[in-house]
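Participant: Spelled out from the first residue to the last, the chains are:
Protein chains: 2
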Amino acid sequence: MAASTASRLSPPRLHAAPNHPLRRSRFSPLRAAKLEAVLSIGTHVIPHPRKVETGGEDAFFVGGDGGGVFAIADGVSGWAEKNVNPALFSRELMANSSTFIKDEEVSQDPQILLMKAHAATSSIGSATVIVAMLEKTGTLKIASVGDCGLKVIRKGQVMFSTCPQEHYFDCPYQLSSEAIGQTSQDALVCTVNLMEGDMIVSGSDGFFDNIFDQEILAVINESPGTDEAAKALAELARKHSVDVTFDSPYSMEARSRGFDVPWWKKLLGAKLVGGKMDDITVIVAQVKTVVIPDDEGSGIELEKVGGEQLAAAGVASAEQSE
Amino acid sequence: MAASTASRLSPPRLHAAPNHPLRRSRFSPLRAAKLEAVLSIGTHVIPHPRKVETGGEDAFFVGGDGGGVFAIADGVSGWAEKNVNPALFSRELMANSSTFIKDEEVSQDPQILLMKAHAATSSIGSATVIVAMLEKTGTLKIASVGDCGLKVIRKGQVMFSTCPQEHYFDCPYQLSSEAIGQTSQDALVCTVNLMEGDMIVSGSDGFFDNIFDQEILAVINESPGTDEAAKALAELARKHSVDVTFDSPYSMEARSRGFDVPWWKKLLGAKLVGGKMDDITVIVAQVKTVVIPDDEGSGIELEKVGGEQLAAAGVASAEQSE
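Which chain is which? The protein sequence lines are L and A, in order.
Heads up: the first sequence at position 263 corresponds to 263 in full-length UniProt numbering, and the numbers run straight through without jumps.
Heads up: the second sequence at position 153 corresponds to 153 in full-length UniProt numbering, and the numbers run straight through without jumps.
Mixed in with the good hints there might be a few duds.
Because identical chains cannot be distinguished in the list, a pair is counted as satisfied if it fits within a single copy or across any two copies.
[Said to hold, decoys possible] Cut-off 20 Å, straight-line C-alpha distance, at most; resulting in silico cross-link-like pairs (DMTMM-like, lysine to aspartate or glutamate):
id, residue 1, residue 2
1, 155, 166
2, 266, 104
3, 151, 166
4, 82, 215
5, 239, 213
6, 34, 235
7, 155, 104
8, 116, 65
9, 239, 166
10, 271, 243
11, 239, 227
12, 151, 103
Keep in mind the hints are simulated off the structure, nothing from the lab.
This structure is a prediction, so every number in the text was calculated from the model and none was measured.
So that you can see chain L by itself, here it is in the shape it has in the complex (with noise of 0.2 Å):
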């Protein structure tokens, strides 16, 4: 096609409309002191097929504190070849984050929350870890080390998303029992204004790697709820990681950074494609809106929370929870 030089568009009418409610649904404390952000969240592990006895490397915990915090961990598994399992740095990064999640100092702050579960481990290993914490004002908070990845999605189209963050191909920034690994101050430190009805999803790059933004849109899309959309993802992703003939979003970043099938394969047209296999943890939060009863009493509850309570805090790993 010639240099294209479309002409952009003013919005027809069609698509304003459904725009306006979310302008009456943010969450300021100056319009409606009473309303308040929490997260419903769904969660679902699905370890690498060779790891399925041991449960996988993944660990995550969720709890309800503020609007909602959660958190994943993804234990690097080249420890292994040290004789290391990988699973009990991960594992305990989670547990001490559980712990810490209820110290005031840290609840407000998810960098200050990895400096401290960081400092408090003894296990040998490292991690890739990422937390998001809402406040009650509907402002999510993350940090994040490495390459779990965080998005928000916001009227059928992902409004924000992290990046993620590494030394070179597969060797992500992680916090590692080691002094040569990164630290918290060295995490991405962000925040995003949540509305109700954003739903958030979040994962270990066994997730992201083996998953399409346009799917992880049409399974929320057809998803009744977060616990659903969890698992929809999670299965969805594993199914991709061990398709030799899927090109993952891993086997096309591979490729950008010059990995390939052999020059006499690629003569004979083949490419390197294929899933990445790993453990896949999904995290799917969505934010509703509650009133808390004044101090007469006599709020009412707008919204229901769904089923996929918040309040369910607790560490897991696939150990647990498959």
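Following the hints, position chain A against chain L.
Facilitator: What follows is chain A alone, placed relative to chain L:
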């Protein structure tokens, strides 16, 4: 290839050392009360090839408030079909922004700045817009409506990126003179904690539609300063924009949305490629640290802010700057 099951790696010692200096360069008021973050900003605008005489429809402003502030507005070109000059709205929006940034209420909140600047417009038209404000502590606050973009580059990789919002392909969210458009309440609002040395690359869609992240990283790496980087980035995007053989981010996105050449051309091996001719605005900002003299006036400036001073506040569009 068979489905990969690559074992991820711990970083070798080689990669750990360069990481350490970052830990000492955070803007923590607890650790160095007199250290303040400021932006050294470079800008460059290249109008659409057929709009050189009128200067195009992008506008921007740069200011020295707080640790530094900048904004880009991209007038929606579809208004020309209604005999409205699409540049008027975007320029007025930026002029208003440069006025209201002095207002204490808005100087800390890019979303309130958008609200006030939008409310004060009298021109007919609409525009996509992004505003970024750096606090002296190093926190960058962003509000974006539509498909202007902003990326943060740290240690040679993109570690933060905004996502575009659109109604459908080539119809972005936009602030408008008409009630049908979006408002500041529809903005993506987020923050990211920056470190000394971080580079911010922001632009209109005419920039990001014509350049890949790897190209941005290469140019940033090679440029001696933010002025040179902004110019080189804009010129590379312009070159791609008029290249009918370049498989641009825009043409890749178009194909992923189902647009392509006619079937008979496909049979001949053709596909939809090409750059997108558009106004191109690029702002490059580097985070620097200055030591502010304390009460006794004993402070020393640790690092001089480069030639591209952030204090060079003003409003500009291609009409003025080209």
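Participant: Look at each hint and say if it fits the structure.
Facilitator: Against the structure, the hints:
no.: 1; hint: 155 to 166; in the structure: between (31 Å within a copy, 10 Å between copies)
no.: 2; hint: 266 to 104; in the structure: neither (58 Å within a copy, 62 Å between copies)
no.: 3; hint: 151 to 166; in the structure: both (18 Å within a copy, 17 Å between copies)
no.: 4; hint: 82 to 215; in the structure: neither (37 Å within a copy, 38 Å between copies)
no.: 5; hint: 239 to 213; in the structure: within (16 Å within a copy, 30 Å between copies)
no.: 6; hint: 34 to 235; in the structure: neither (38 Å within a copy, 52 Å between copies)
no.: 7; hint: 155 to 104; in the structure: neither (34 Å within a copy, 33 Å between copies)
no.: 8; hint: 116 to 65; in the structure: within (17 Å within a copy, 35 Å between copies)
no.: 9; hint: 239 to 166; in the structure: neither (26 Å within a copy, 31 Å between copies)
no.: 10; hint: 271 to 243; in the structure: within (15 Å within a copy, 27 Å between copies)
no.: 11; hint: 239 to 227; in the structure: within (18 Å within a copy, 48 Å between copies)
no.: 12; hint: 151 to 103; in the structure: neither (27 Å within a copy, 34 Å between copies)
Checked against the numbered hints listed earlier, the structure breaks hints 2, 4, 6, 7, 9 and 12; every other hint is satisfied.
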